[in-house]
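Q: One-letter residues, chain by chain:
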Amino acid sequence: MEMKNEPFFLTTVDKFVRWAQRSSIWPLTFGLACCAIEMMNLVAPRYDSSRFGSEVFRASPRQADLLIVSGRLSNKMVPVIETIYQQMPEPKWVIAMGACASSGGIFDNYAIVQGVDEVLPVDMYIPGCPPTPDAVLDAILKLQKSIADGTAKGGVVERA
Amino acid sequence: MPKPFVKLLLNEFPDDVSQLDTPFEIPQVAVKPQALVEVCEWLRRDGFNMLLDLGGVDYLPRTPRFEVVYHVLDVAAHRRVRLRVSPENDDAPEVPSVGHVWPVAYAPEREVYDLFGVKFTGHPNLTRILMPDSWEGHPLRKDYPLQGPRGDAEKPQPAQQGRFHAPKLEPRK
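Chains A and B are the protein sequences, given in the same order.
Start counting the first sequence at -12; every next residue gets the next number (my numbering).
Start counting the second sequence at 850; every next residue gets the next number (my numbering).
Hints are supplied without guarantee of correctness; some may be wrong.
The list that follows gives simulated cross-link-like pairs (lysine-lysine, DSS-like), each with its CA atoms no further than 25 Å apart [unchecked claim]:
#1 A:2 x A:79
#2 B:881 x B:991
#3 A:79 x A:63
#4 A:63 x B:991
#5 B:968 x A:63
#6 A:132 x A:79
If you are wondering where the hints come from, they were derived from the structure by calculation, not from laboratory data.
Just so you know, these numbers come straight off a predicted model, no measurement behind them.
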């Protein structure tokens, strides 16, 4: 959908709604471990994520659309993250940021869930330990593109 | 050369305390579990008012298998001592709790119970502190598999499981 400088434009409701959704994705503050530091870098001025629509990172899941799981998910945390995910209103998306959220990372042990997708439906996986903030931005932009196409749902979309 | 207070300690409890080698300049003594409370109370009265740490060790091929190590500090006089306590029974290891001497000990005792299975008698709340409450097993023992219960299953790697669809969550009840 393009905005041209004309007095009116034609679109479908679907496309308009999807444009609104992807242009204002508000993530939830869900930093679990070291990837949270890189998420902080993401909202810092250099790699500003709010220029792509994530104006605020909401602390309450009731007001957020995107759950960026940044860090290791331990077995003890699984009921908590399920509760938080269920509290988010639809439409909601999940980005698994970093190696630990995608697959357990280097922690192949008794305490860490081997990939957040054992628990939640994930839309984007970002490799890296931690991924650089521009990798996370790349994932957010790819997620926006997939929302525009209408293909964003739980499961693998493409590798960021 | 043992410090003077160590000699006093050894004299006070001749049967229950024995000197060990001192590799890192902290004098260490082995204490029998049944005498631990008396020794700790004696130390506290002598001025050792800070318990720095309390940890567990699993020396598996050795019997006794477990050991609980206490680091105690006298803040004013800069004295340190390390106590090593080995519970006798390997299958149901028990050590008296020293929380009434140094209340800070209650939390690390829960940690040693959680990760090694050593019970601390007299502890007001001996429950798991790091692992989930319903966890079975004591992860830091030497015979516990690194991957936990997952390690026994013969599952292929996630990429080979064809795990391209994440599980759908059940609707909230």
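Q: Going straight from one Cα to the other, do residue 132 (chain A) and residue 79 (chain A) come out at no more than 25 Å?
A: Roughly 15 Å separates the two Cα atoms, so the pair holds.
Q: Are the Cα positions of residue 63 (chain A) and residue 991 (chain B) separated by 25 Å at most?
A: Answer holds: residue 63 (chain A) to residue 991 (chain B) is near 22 Å, not above 25 Å.
Q: Checking one constraint from the list: CA of residue 2 (chain A) to CA of residue 79 (chain A), max 25 Å. Satisfied?
A: The given pair, whose Cα atoms are some 17 Å apart, holds under the 25 Å limit.
Q: Is residue 968 (chain B) within 25 Å of residue 63 (chain A), Cα to Cα?
A: At roughly 22 Å apart (the allowed maximum being 25 Å), residue 63 (chain A) and residue 968 (chain B) satisfy the hint.
Q: Between residue 881 (chain B) and residue 991 (chain B), does the CA-CA distance stay at or below 25 Å?
A: Between residue 881 (chain B) and residue 991 (chain B) the Cα gap is close to 23 Å, so the pair holds against 25 Å.
Q: Is residue 79 (chain A) close enough to residue 63 (chain A), meaning Cα to Cα at most 25 Å?
A: OK: residue 79 (chain A) and residue 63 (chain A) at ~23 Å, within 25 Å.
When the structure is compared with the earlier hints, no violation turns up for any of them.
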